[in-house]
Amino acid sequence: MTTAHTRAPQGDPAALAAAATAAVLADLGSGAHRGVVVDSPPGAGKSTLVVRAAGELAASGERLMIVAQTNNQVDDLLVRLAEEHPHLPVGRLSATGYRLPPALVGTSVSNAEKAEALDACAVVVATAAKWALVQDRRWPWAIVDEAYQMRSDALLLVARLFDRALFVGDPGQLDPFATVDTSRWHSLSYDPSQSAVVVLRRHNPDLPVHRLPVSWRLPASAAPLVSDAFYPFTPFRSGTGPGERSLRFEAAREHDAYDTVVDVAAGSGWGLLELPARFTGAADEEAVRAVATLAARLLARGGTAVGERTPAGVPLDASRIAIGVSHREQRARVESALRDLGATEIVVDTANRLQGREFDVTVVLHPLSGRRDATEFHLETGRLCVLASRHRHACLVVARAGIPELLDAHPTANPVHLGVPVSFPDGWEANQAVLAELGRHRVSLTP
Amino acid sequence: MSTIAALGRLRAAATGYAQPAATVRHRHLSARPMVLVPYVLAGEAFAPLAVLVGTDRDRPHLLAVPQPRDRDRRFAHAAELAGRLLPHLGAFAAETETIERRGDDPYERSLDAPQVLVPTAGGIEYLRLLGRSTRFRRTDGEFAVPAGVPLLGRWSTWLADRAGVPGSSVLLAMTDLLTQAWATGQSAMEDGDLASLLAWIDPPAGRRGDEAAREAEGGPTAGPATDPAFDERLVPLITAFDEAVAAERESDEDAARGERERRAEQAIRDALAAELMPTWDRMWRGVDLLSALPAGASVAGRWEADRASYSFFAADLADPESRPQPRVPGAISAAAQLAGRERAQARLDAEQVRDDPLLMAAVRLAGEAFRGELIAVDAERMVTEPGKKTARPRPLLVFRTEDEPLFGPGTELACVERPDAKARVLVNEPGRMELELFGGMGGGKAPKPGSVPERGEVLCWTSLIAEFRRSPDWPAVEDTPWTHGGPPPEPGSEPDSATATGPEPDDDALEEWS
Amino acid sequence: MGTTGTTGAIAGRLEQLRGELPTRNHNARTVAALAANPGCARRGVLDAAGIEKTVLAERLGFPARYGRSPFAIGRGNVFEARVKADDGRELRRLLAEVLGADPDDGALVDVDRGGPTGPTARPGREERVARTREALLRAASGDPDACAILDHPLLPLDVAGRRAYLEPDAMACRVAGRLHVVEIKSFAIIDGSADPGKLASATRQAAVYVHALRGLAEELGLDPESVSTDIVLVCAQDFANRPIAVVLDVRRELATTRRRLARLSGVEELFAELPEGLTFDVAEERVGAAVARVPAAYLPDCLSACELALFCRDEARACGTGGDVGTLGTSVRGALGGIDDIGTALALADGTRAPEPGQEDVARLLRRAQALRHEALGGVG
Ligand code: SF4
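Protein chains in written order, with my numbering: chain A, 32 to 478; chain B, 2 to 515; chain C, 309 to 689.
Calculated directly from the structure, the hints in this document are not laboratory data.
Fair warning: there could be bad hints in the mix.
To be verified - Result set (DMTMM-like, lysine to aspartate or glutamate): computed pairs, CA atoms no more than 20 Å apart in a straight line: (1) LYS449(B) / GLU468(B); (2) LYS506(C) / ASP228(B); (3) LYS145(A) / ASP474(B); (4) LYS449(B) / GLU381(B); (5) LYS506(C) / GLU381(B); (6) LYS506(C) / ASP212(A); (7) LYS506(C) / ASP287(A); (8) LYS493(C) / GLU584(C).
All values reported here derive from a predicted model rather than from experimental measurement.
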């Protein structure tokens, strides 16, 4: 790394996090700002903050709208809200045909298709797309969740609904994308293809920006690497120390590379299952099989995850495992391979759609595995960051050998646009940092 | 890139001849396109040097600027170009049809619209810059320009904007049209050179495409940037012209006045004509090749959108209150533009694969579609879905296929041959696919006659379904929220503002170019 | 010619390769271009040896088709002169605008003006380097007489052991204790945007200057961080000749430059693969064979980045059975799962060739693709 890194914050993580939260809430309460921005690295208690802020605002009698990006995110927030504030009347604004998930049935959450029906609710939650359809309503406060994932044109459609807002999100994840060439708008301060926060801050440079300093999701084995590689100027630390979390498996039966890498990851939090170097098409069938087999093996090994919240340990069932890939076609192929192995409950998704989600163990197909040439898409820092930061215990990466050579031969010719902030560090350096760590946990697979 | 498209390039490289990249033409081709081949002076932001223009392949009009740095000559050139283009661009506005809209007033849509063809993507950028540099010009006052100039600017801006809308056909680059239809044995980058691209597709008799392409390289360029070697030849000619102008200013002999200047100008025109003509001929050869391809089934539908856009724009021009397009769009229009283009892209993607079995083949290869023969039908099948009280017709369709779709149970599919049909995957086994039909059968207790496919039909089903997305209700400009800078200042109140729209003198109206 | 930093053996090897061939001194453009195809050993060797590739390309019978229009050169010179005229009046105004520098504070010193033989004579290169160093030192020490703008500074940089001289357009020396590289380009910024390719190449060149300057600062015992990674780019505004300045962050390009230069110094590894006694300084009919001994990695992007492109393309098109897949571009190559030979890929697709071990998956993909293509084209593809 060639950049001068700032050191991760020191001290008791709970105290650090509490101080950061208190500062955010103080800024909100002061009424001095139209907006407050909170940068949250992976798993830094973003939802906890949202739920707390919602509680405080509701307690002071202010009505609040919450904007999330996907229906999953809305439901997750509602579950947290109902847990923390069981008596708070909360509304969910949803599309026709939506039904409350079981976890929300019988709680203080009510569901409606029209905003009018939820006027009695202190807090109303919906996706940005649903909010865009609401007319003739205005809220004194809004919380915009995953604001770095939101495109600024989506914010344009909902900003008329609130006076003030708290914007919360992770700046290290994938930037929002468009399906057409957007360069013609890049020089505009309100570039519709940029993230909501970038546009907001260009127009309101004086808004306070806070940073959550502690990742409660990432284990001590992952936080320093993710912080160094992806957040070199805004470091964070893990909420738990080394050894506070552990992953146990029943004894191996096959004693093959899969078992070995599972054990390596259980011990270190990282594992690299390396296939022989080979260039492949987008769908590397061998690697796809390896990913599915590894995930199925994780299940079959009867794991137990022990952590600060689950000292007695919880069984590592399918809902606690996820597989991350880069392309839709890879997802379809892995799903198909999982069906063959009878492990269909394991979530498989692309990096884009895994943003904001959390699992105990993840299996990742490396974006550069088997590629003849690297492309900007596959090198994108945010993609690797999302994939390498979804786990609470361990992350197992499947990749073909040869990625360092691929990076070395990659010609660098990024176009430059005026007014577009440079994303830094570039994918090249972040990839090198992650590979260096993974190299220490390598297990070779010879099919 | 799909392996199917890649194979086209490989085959071309191996055989020496271009291969099909599509089975139909995916863009509208006018019966009378306006062909425009522009050149600009190197090193300047935008200094037109020459254009060849016309709708008749046998009668190209050469418009040239003997001294492109001279402001007056630049605008005289723009006026001359306006004289050529405006009659054609405006000619389609009169004949219209009335289109009814649900929930909105009917509107008038022209029966046809103009089409401008340029050699490369650089030609589209040329029109954008031409528009930017002329639409704010005033036709009165100190730096007055001829009336056609700002009008040409507004038309050029419309054309260039519209060209950014996926699937639009009012302004197209020949290299884009040709590479959509054919794959060559060279790289996409080399395909950007019209001469070598066309040589691959249509080599001279008795030659292979690869040989012809190599010979065509390094010849006169299709512009708009000139070949530096050509510029070396142009320098003395322009110098001679400048000297002629200077000498004649000093001479008082009326008889000789203009003669030397005319000769110097003619030398420049001759050089430009020789450099531009090969591209002119290639443009028309390209038109011939493209018109020999059948148009895709959805092309006419997309051209309707172009015709509507044309009618709206022509109507706006006719309104005395209307102003030129702003330098840059405001926050609301930028967002609306992006959303509109994304909708157009989604429509184009969905329509192209349905129109073209070769593009659909790539979707099938990727496991997102299959084509198969219907070997068993249970048209009577009824299902009571969870949460519903009554049973609905859900005919069972069993297909035999050699494709390997990656559908999981429950995946929803659309059908190419039966656009109304909607089905869901029940079982996906190697070679065999079971679907249940759930849409396109009418609302009755039994499926509408003819809505259930019959045994023996060969159908193609895909999970790529274009959802119709309504354009969102954007806020009014004066309601631009604080997150996006708030409402823009009133046009004219702040002359330097980027969103100002009024025609105002630009700096370069005030100074001579170097 | 300095050979600092390279061991004698390597220097000898480079000299042997070069023979009497004309050499070229690296400049910012050529150093920036090192990043264009880092996977190519041929280019790595030629660049390390400092061989003038234009001349080599001519000897190979494939002269490069580069060139700049005389109109563009003329306009560039006029524009730069205009920006710097009147003791840098325009430039000072721009620097004040974008960096908040005091426009009247300090002189504009032209390193290129006034030699030992008189005020109009041009000083030599080392003299200019010395003057640049001195100006740098004075600016860093906060000398009240230090210049505000350094015109035509000259920076030394070791490129694979050979000394290159880089010439930034100018440097702003006294903005909050930091130095800023100034690049003057005559292309236009219209309504706030400019050609992304031109911006990228300006950014890459500026990053090379920043790198060289930081090296110089370090040599002088100064804090390398005092050279800012924010550079000032001066361009023409809209359609006029009026200059406009923007600040560009070159951190990303600076990291790339460092990586590439480090790799070039690792040229020894490349030599290990080369035949003993290889030299490119041979009779014209044998140059091709000599160059061919060094493996290339031709891609279409070479056409705009390397003088040897036409030679390498010809070679790549002729190699194997049907040519190298790379000639068709990386997106085609990426769809073929590592089959690099056009003839082999087609034979696998047609089923006329059995896949080798490890090729089974891609062979299956190619055969299915071919079958689908054939069907879609009605049996003629
Ligand atoms: S043109 Fe040849 S020598 Fe130059 S980079 Fe490309 S392959 Fe290497």
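Evaluation of the provided hints:
| no. | hint | verdict |
| --- | --- | --- |
| 1 | LYS449(B) / GLU468(B) | 24 Å, violated |
| 2 | LYS506(C) / ASP228(B) | 18 Å, holds |
| 3 | LYS145(A) / ASP474(B) | 17 Å, holds |
| 4 | LYS449(B) / GLU381(B) | 12 Å, holds |
| 5 | LYS506(C) / GLU381(B) | 66 Å, violated |
| 6 | LYS506(C) / ASP212(A) | 18 Å, holds |
| 7 | LYS506(C) / ASP287(A) | 53 Å, violated |
| 8 | LYS493(C) / GLU584(C) | 45 Å, violated |
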